[in-house]
Amino acid sequence: MFQEKINFEEAKNKAVEFIKRNGPSLPSQVAKEVGIPPLFASALLSQLIAEKSVKVSELKVGGSPLYYQESQKELLLNFTTFMPGVEKETCEKLKKAGVLADDGLQLQEKVALRNIRDFSVPLNVKIGGEGKIFWRWYSLTQEEASKLVENFLRSLPAPPAPVRQQEEKPLQEERREVREIQPEVKVEEEKELAPGEKERDIKVEERVVEKPRAEEDVGAGGVTVQEGEKQEQESKVQARKSKEQRKPREIDFLQEVQEFLAKNEVKIIEEVIVRKSSEIEFVLQLSSSLGKMNFFAIAKNKRILTPADLMLAYYRSQEKKLPLILLNSGKFAKNTEEKAGELGITLKSLQEK
Numbered sequence: 533m534f535q536e537k538i539n540f541e542e543a544k545n546k547a548v549e550f551i552k553r554n555g556p557s558l559p560s561q562v563a564k565e566v567g568i569p570p571l572f573a574s575a576l577l578s579q580l581i582a583e584k585s586v587k588v589s590e591l592k593v594g595g596s597p598l599y600y601q602e603s604q605k606e607l608l609l610n611f612t613t614f615m616p617g618v619e620k621e622t623c624e625k626l627k628k629a630g631v632l633a634d635d636g637l638q639l640q641e642k643v644a645l646r647n648i649r650d651f652s653v654p655l656n657v658k659i660g661g662e663g664k665i666f667w668r669w670y671s672l673t674q675e676e677a678s679k680l681v682e683n684f685l686r687s688l689p690a691p692p693a694p695v696r697q698q699e700e701k702p703l704q705e706e707r708r709e710v711r712e713i714q715p716e717v718k719v720e721e722e723k724e725l726a727p728g729e730k731e732r733d734i735k736v737e738e739r740v741v742e743k744p745r746a747e748e749d750v751g752a753g754g755v756t757v758q759e760g761e762k763q764e765q766e767s768k769v770q771a772r773k774s775k776e777q778r779k780p781r782e783i784d785f786l787q788e789v790q791e792f793l794a795k796n797e798v799k800i801i802e803e804v805i806v807r808k809s810s811e812i813e814f815v816l817q818l819s820s821s822l823g824k825m826n827f828f829a830i831a832k833n834k835r836i837l838t839p840a841d842l843m844l845a846y847y848r849s850q851e852k853k854l855p856l857i858l859l860n861s862g863k864f865a866k867n868t869e870e871k872a873g874e875l876g877i878t879l880k881s882l883q884e885k
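Quick note, the sequence shown lines up with residues 533 to 885 if you use this note's numbering.
Bear in mind the hints are in silico, worked out from the structure with no lab data behind them.
Glycine included, every Cβ here is placed at the ideal spot set by N, Cα and C.
Just so you know, not all the hints are guaranteed correct.
Okay, derived cross-link-like pairs now, DSS-like style, lysine-lysine, Cα gap no bigger than 25 Å in a straight line [unchecked claim]: (1) Lys564 with Lys866; (2) Lys852 with Lys587; (3) Lys584 with Lys625; (4) Lys628 with Lys552; (5) Lys880 with Lys866; (6) Lys824 with Lys863; (7) Lys584 with Lys552; (8) Lys605 with Lys658; (9) Lys625 with Lys605; (10) Lys620 with Lys658; (11) Lys880 with Lys863; (12) Lys658 with Lys642; (13) Lys584 with Lys628; (14) Lys808 with Lys824; (15) Lys620 with Lys546; (16) Lys679 with Lys658; (17) Lys564 with Lys592; (18) Lys824 with Lys584.
Restraint-style ranges between C-beta atoms, simulated for each label pair [said to hold, decoys possible]: (19) Arg646 with Asn610: 36 to 42 Å; (20) Tyr670 with Lys853: 38 to 44 Å; (21) Arg807 with Pro689: 56 to 62 Å; (22) Asp635 with Ala865: 28 to 34 Å.
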């Protein structure tokens, strides 16, 4: 089921030629053009990156990166419409200015520049022995960026000379303000905790008061105590039964996944139980005409798998830097299947034979 007969060198050549013609491309486009499953397209593209035949973008289109050649980097600008609003605006701001000082930016702009690394390049500038971060537009040379940084620094106003008398007064006012504010903070934090403690004490006292009543009932015939004990025993028995019922399900789900993989001749390299009976992570090894290849897999025990489940698994696979296989004991929603096709993710149901 997982194995495919593919000529590895031929598939690589086709992928490179397609990217040359098409420009920045999604994994699903490469898979369709080359005629290979998305599962192998992701692995093939990873190998082309390692060989430096293609590059991968930080920019995402529908959650998936673009694959391109170095000479096509400028074409990535055609996809900035897919950026979130702040990233798009910050990208335009950097393009227009050429360089931006990190200190003079708003927090969301600083975050954006660290996310759009296709177009922003960090510069470490020393000013009076202190290091400062600047950002340059990707197409500017180091020389051009240095001149812009120098012009920016010259345009800054000279810092005012310190005046002690003027500074001392505000400090005294600040100290007074702190003295006035501190008691208020203490009152809010400390007094909020006290009622909780009193409530706990009250509850304990209530329980103590109830005991004599129970003793009176015992004196009247002991019926209430016996019924209470029976109820407690029954609840304990039910709790034990429910625990015993859960354990076989956990074992059954893990065994079900292991049997499914064994049947399809897939080797388990790593296995981590994330949530008992509902989610297991694997690193799997598949043998194909491309050779032995590793994949990251998540097995879920859900009736229907949603796009949200898919995206969480996808981001996890990005951390692992491995192509993703998503397994489920149930079905996949239609929009989940569509999204998986876009991202080049392989979906497998454990119900498949």
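Verification of the hints:
Restraint check for Lys564 and Lys866: satisfied, since their Cα atoms lie roughly 20 Å apart, inside the 25 Å limit. Taking the CA atoms of Lys852 and Lys587, the gap is near 18 Å; set against the 25 Å cutoff, the hint holds. A distance of roughly 31 Å separates the Cα atoms of Lys584 and Lys625; the hinted pair therefore is violated under the 25 Å criterion. Of the supplied pair hints, the one linking Lys628 and Lys552 is violated, its CA atoms being roughly 29 Å apart against a limit of 25 Å.
With a C-alpha separation of about 14 Å, the suggested pairing of Lys880 with Lys866 holds against the 25 Å cut-off. For the proposed pair Lys824 and Lys863, the alpha carbon gap of about 29 Å is over 25 Å, so the pair is violated. Between Lys584 and Lys552 the alpha-carbon distance is near 14 Å, which keeps this suggested pair within the 25 Å criterion. Taking the CA atoms of Lys605 and Lys658, the gap is near 30 Å; set against the 25 Å cutoff, the hint is violated.
For a cut-off of 25 Å, the pair hint linking Lys625 to Lys605 stands: about 19 Å separates their Cα positions. For a cut-off of 25 Å, the pair hint linking Lys620 to Lys658 is broken: about 29 Å separates their Cα positions. Taken as a hint, the Lys880 and Lys863 pair is honoured in the structure, with Cα atoms around 9 Å apart against an allowance of 25 Å. Under the criterion of a C-alpha separation no larger than 25 Å, the hint pairing Lys658 with Lys642 is consistent with the structure, at around 19 Å.
Under the criterion of a C-alpha separation no larger than 25 Å, the hint pairing Lys584 with Lys628 is inconsistent with the structure, at around 31 Å. Note on Lys808 and Lys824: the hinted pairing is violated, with a Cα-Cα distance of about 30 Å set against a maximum of 25 Å. Of the pairs offered as hints, the one joining Lys620 and Lys546 is violated, with about 33 Å between alpha carbons and a cut-off of 25 Å exceeded. A distance of roughly 14 Å separates the Cα atoms of Lys679 and Lys658; the hinted pair therefore holds under the 25 Å criterion.
Distance check on the hinted pair: Lys564 and Lys592 sit about 19 Å apart at the alpha-carbon level, within 25 Å; holds. Proposed proximity of Lys824 and Lys584 is supported: the alpha carbons are some 21 Å apart, at most 25 Å. A beta carbon spacing of about 22 Å between Arg646 and Asn610 contradicts the range 36 to 42 Å that was offered as a hint. In this structure, Tyr670 and Lys853 break the distance hint of 38 to 44 Å, their C-beta atoms being roughly 23 Å apart.
Taking the beta carbon of each, Arg807 and Pro689 are about 58 Å apart, inside 56 to 62 Å as hinted. The hint said 28 to 34 Å for the Cβ distance between Asp635 and Ala865, and at roughly 47 Å that hint is violated.
Comparing the model with each earlier hint shows violations of hints 3, 4, 6, 8, 10, 13, 14, 15, 19, 20 and 22; every other hint is respected.
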